[in-house]
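Asks: Sequence:
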Amino acid sequence: MEKLPVVVAIPTRNEAENIATTVRSVIDHFAHVVVVDSDSTDDTRALAEAEGAEVLPYTWDGGYPKKKQWCLEHVHPEIDWVFFLDGDETPSPQLLAEIRHLFDPPPGHTLRPAAFDIPL
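Sequential numbering from 1 applies to the sequence shown in my numbering.
Because the hints were derived from the structure by calculation, they are not lab data. All C-beta atoms in this analysis are idealised placements derived from N, C-alpha and C, irrespective of residue type, glycine included. One should not assume that every hint holds.
[What the hints assert, rightly or not] So the derived label-pair ranges between C-beta atoms look like this: (1) Glu17 - Gly108: 43 to 51 angstroms; (2) Asp43 - Gln94: 26 to 34 angstroms; (3) Asp39 - Pro65: 12 to 20 angstroms.
[Claimed, not checked] Quick list of in silico lysine-lysine cross-link-like pairs, DSBU-like style, CA-CA up to 30 angstroms: (4) Lys3 - Lys66; (5) Lys3 - Lys67; (6) Lys3 - Lys68.
Required output: the full structure, derived from the provided sequences and hints.
Replies: Here it is as structure tokens:
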């Protein structure tokens, strides 16, 4: 299966219980999976790396929008598409299929970057 030109950004702090499952759920579907970890004191970083994710450290000051903006500016900014997941989330097969469909335009059409809100 071809990986989609999307960066999955996963902001974390102490998600060792969930991070391996989260990374496994997306690693085969997207070009980059990046865990942006805020000083975890558990095995979050090691578990994410073991599943193939890139791990970047980020010291969080408690302001979520600031961390999210940092991800947009520093996590593969050459890629137009970013998919944010929490460290304990896994997208359903239906959601993955819907995202893949966005990158498979009908013949004669081209993909144009936009924002999508996919109802859950």
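Asks: With respect to the beta-carbon atoms only, verify the hint that Asp43 and Gln94 lie 26 to 34 angstroms apart.
Replies: Holds: the Cβ-Cβ distance is about 31 angstroms, inside 26 to 34 angstroms.
Asks: Decide if the proposed pair is consistent with the structure: Lys3 and Lys66, CA atoms, cutoff 30 angstroms inclusive.
Replies: Within the cut-off at roughly 28 angstroms; holds.
Asks: Could you grab the alpha-carbon distance between Lys3 and Lys68 and see if it respects the 30 angstroms cut-off?
Replies: With Cα atoms ~23 angstroms apart, Lys3 and Lys68 stay inside 30 angstroms; holds.
Asks: Does the Cβ pair Glu17, Gly108 satisfy 43 to 51 angstroms?
Replies: holds, 47 angstroms
Asks: Is 12 to 20 angstroms respected by the C-beta to C-beta distance linking Asp39 and Pro65?
Replies: holds, 19 angstroms
Asks: Assess, step by step, whether the Cα of Lys3 is no farther than 30 angstroms from the Cα of Lys67, and give holds or violated.
Replies: holds, 26 angstroms
In terms of the numbered hints stated before, the structure departs from none.
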